[in-house]
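Reassemble the complex: the two chains are provided individually, in unrelated frames, and hints are given to aid placement.
These protein sequences, in sequence, are chains A and B. Under numbering that gives the first Met the number 0, the first residue of the first sequence carries the number 0, and numbering increases by one thereafter. Under numbering that gives the first Met the number 0, the first residue of the second sequence carries the number 0, and numbering increases by one thereafter.
Treat the hints as calculated values from the structure; they're not laboratory data. Every residue gets a Cβ at the ideal spot worked out from N, C-alpha and C, and that includes glycine. A couple of the hints might just be wrong.
[Said to hold, decoys possible] Derived lysine to any residue pairs resembling SDA-like cross-links, with alpha carbons at most 25 Å apart:
# : chain 1 : residue 1 : chain 2 : residue 2
1 : B       : Lys41     : A       : Gly9
2 : B       : Lys41     : A       : Thr5
3 : B       : Lys35     : A       : Thr5
4 : B       : Lys35     : A       : Ile6
[Unchecked claim] Residues of chain B clear of chain A, computed beta-carbon distances all greater than 10 Å:
# : residue
5 : Ile42
6 : Ile89
7 : Ile111
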Amino acid sequence: MAMARTIFGGVFVVILFIGVVYAAVSPVLQPIIFPQFEIPGLGVEGETVVDTYSLVKGTNVSDTVRFVNLNVSMKFGGINLLFSNDPNLACDVSFERSVDVSELEASYDELDEGQVLQVDLYGESGGLNLTLGNSYQYNGTFGLRIGGVVMELGQYANISKFTVFIRYIGGLNLEINSGASFEQIDLSLDVGGLMLTVDAESLKSDGVINAGVNIGGFIMDVDVDTGEVGVSLDATVDIGGLTVDHEDFEGQVSERSCSVETEGYTGAVHKLDVKAAIGLGGGTLQKTLPYGFPA
Amino acid sequence: MEKAGSEMQKKTMSDYFSTFLGRVGGVFLAPDATFKQIITDKIGFWETFVLILLLVGIEGIILASFVHRVISAITVSIGSLVGLGFLGIIWLIVVIVSIVATLILWVVVAGIAHISAKYIFKGEGSFVQLMKLYGYSLVPCSLVILGTVLLGISWATWPLLTFFNIVATFWVVLLMAVAVKHNYNIDIGKAFISSFIGPMVVCLIIMGIFWISIWLIISSFAGGFV
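Next comes chain B alone, as it looks inside the complex (with noise of 0.2 Å):
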């Protein structure tokens, strides 16, 4: 019985796994049919969670290990005349950094895709639906992770990594767009103002206040406006 319950329960796993797998290929073979089914399977927030952290987690490792090196070097190179013990966390800095910013920028860009949506464009759709869809869109990062790869190994490899970074953000601008066209039941050209145009525009909006703040600041200390 005991058996039995254990063999049920690896078969279980087995088939979840499989499954993810599929879902994982979906992404880069067919989005519309994946997401539709994402959709429909009401898949649990923590496989996208984890998803994410993988994905993010993994290309931040990679770039604490370029970072671990550089600092490794400059340590042995002129540690013996100032003290650089300092240094040795900065890796660690370079991961928590990333994958903040990047949970941070996932809420906030579904969140704003969500308002458009939802709200300007009167669509039907849940918030936390988004951004389990929006976790899978990022699939196509795993280019960079490639290139980023290839690029440790070899620098004459920059090319490589750059063509995966153009084709891996038009790639996941394209699947965020198909992922609020499915979840909010609206037309392809409202999800791509929704999910990219919206974020874009509160992105420039912000950027504006900050540098006008800046320009303000500045002009400030020079004695008014300049």
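With the rest of the complex left out, here is chain A (with noise of 0.2 Å):
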């Protein structure tokens, strides 16, 4: 029985022994591994690569070409539009990834008789920058899954349609400086922040703004002459409130709508019109800031 009692002790002094020696080599032989999820440009360490293309009239765009639509996807990350004064550029892009993710699927088709130039982007993850002409009329589709739109139109912007859409989570942000031209842009998100900034003198045709927030806050900048550039906001909040912030507007606002437009709209040059609807969350028309922050 003596014997027996020290066995099974010494099977318990083993079964300890196992534990502290499981405890110790586990972490190093049986590593659990997720996948990995990395977003260009947030503080991802390692190495990266530009890929660059560029569509130039007499190069590699035909003369007949007065349309270029745009389809642009990505995953993650960012896409940052300007203009540019450049009458021979349809499009440059170039796309900044880390090595080890794909490269960006760029192709482009000329369709209607050489009169529209199709381009199709579409990469996994990474910062895309796109500069587009100023003698070219062009449509976009602009899709993301997570991360941020920069969009900056000035006097070189030429635009009929863009559609931009952040489909899970990001921030977008429109500039619109004076002399530029668009007649529709529609912008939505599901979370996050909309901003639209509006600093223009003038403006060379009548433009819409569409934007549309599920969750998260819509912001927008003013400051423009209110004798050239006539403009109009209809807000509604589902759930959340409103704020107009602004002197030079006026018209009916409620905590969680409002119509309002500058003072002489109706007699502007040009205006803009622009209609927001958000669902869980809050917008502000303000004044745009004398400073901005700091880059």
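Dropping the structure here:
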């Protein structure tokens, strides 16, 4: 009996010993591996490469092309779009990505007897910089799952319709400066913030902006010459609140909806109509801050 | 002379370890006789204390190794996006909390059993002696350690861990009743009430007070009783 007790005691000690050994070696021998999740530009370390493409009149774009259709789709990352003073440039693309991420899939074709240049871009994750010229009429769809989109429309912008959406989470920043020309821009995102800045003495055409945010905030900064540019805002918030803090605007404002326009809106040379629908969150209309955040 | 002294000391240590193994094995095979022997031998308090530290500490570090593996995977996966360095100490927190909680429970449960056996059922016995016996009552928890290791090796062994947990729980409850019985010389029914029913009743009362407090706090935020 005494021997049996000692043996059971020994088994007890062996179990404790196995426990100690297992705890020590299991993190090394049995590591758990989750899929790696990275967003370029947000603290990711490692080597990066840049894919570049250019579509230029006379080089790879026919002289007959008048319109450019852009179809841009990305999973993670950022899209940065601006216009340049280059009459021959149809589209310049640079895509910065990590070396272990697949490269940008880019293709183009000329349609409608060479009048329309169709450009398709698809990237997994990275930072996409798009530079467009000043002599083409642009249409575009820009889709992103997670990330940010920054668009700057100035005197060289000539847009028929842009559709920009972030399917899940991110930020959208659209800046409209003097001399921009666009007919319609649709902006939508599921969760995040949408910022629209109108800082223009004049516009080349009337334009409409439709903004939709499911969860998050909508901020509209306006600083315009009300005689040249008449701006209206029709906004609704399902759950949350709206704030209109701009002396140039007049109209109806309630806690969850507003319909305001700048003084002299009817007589303005060009009009910019903004319609915003916010689900859960808040909306603010304010005068453009004189100083931005330091870059 | 020096050599003879050294051999004597070695023999004593060897004997002590052999006796310790016998006591641990005896808890599995003959708890009645073993507990009587522990009372008679008047073993040191620190022996039991170290035994509990070993049991809980080793179970704690195994669980901590699980936590460490999961956190390492999370850190590798999304650590580049957000700072997760603070997660590195969670394994240490797991070990420390396991040990501290068990030591507190050890004292509290033994205290309740002591009060019940000595003052309600008029038994004769010391609190410190009961703590020593309670320490040895936790020996079947080695089954839980074994089950946890098997689970770590393969998730498919979870039914075995569940089985070991159930067996160990019933076994420990039974051993605690036997410990109270021998420590206070009361019958097994009273010992069971002191060792299990008593702490359970106290636990239920504390939980009841806790939930009533929560209910009152929530009610006060809602503007009155709900």
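Violating hint indices (sorted, rising): none
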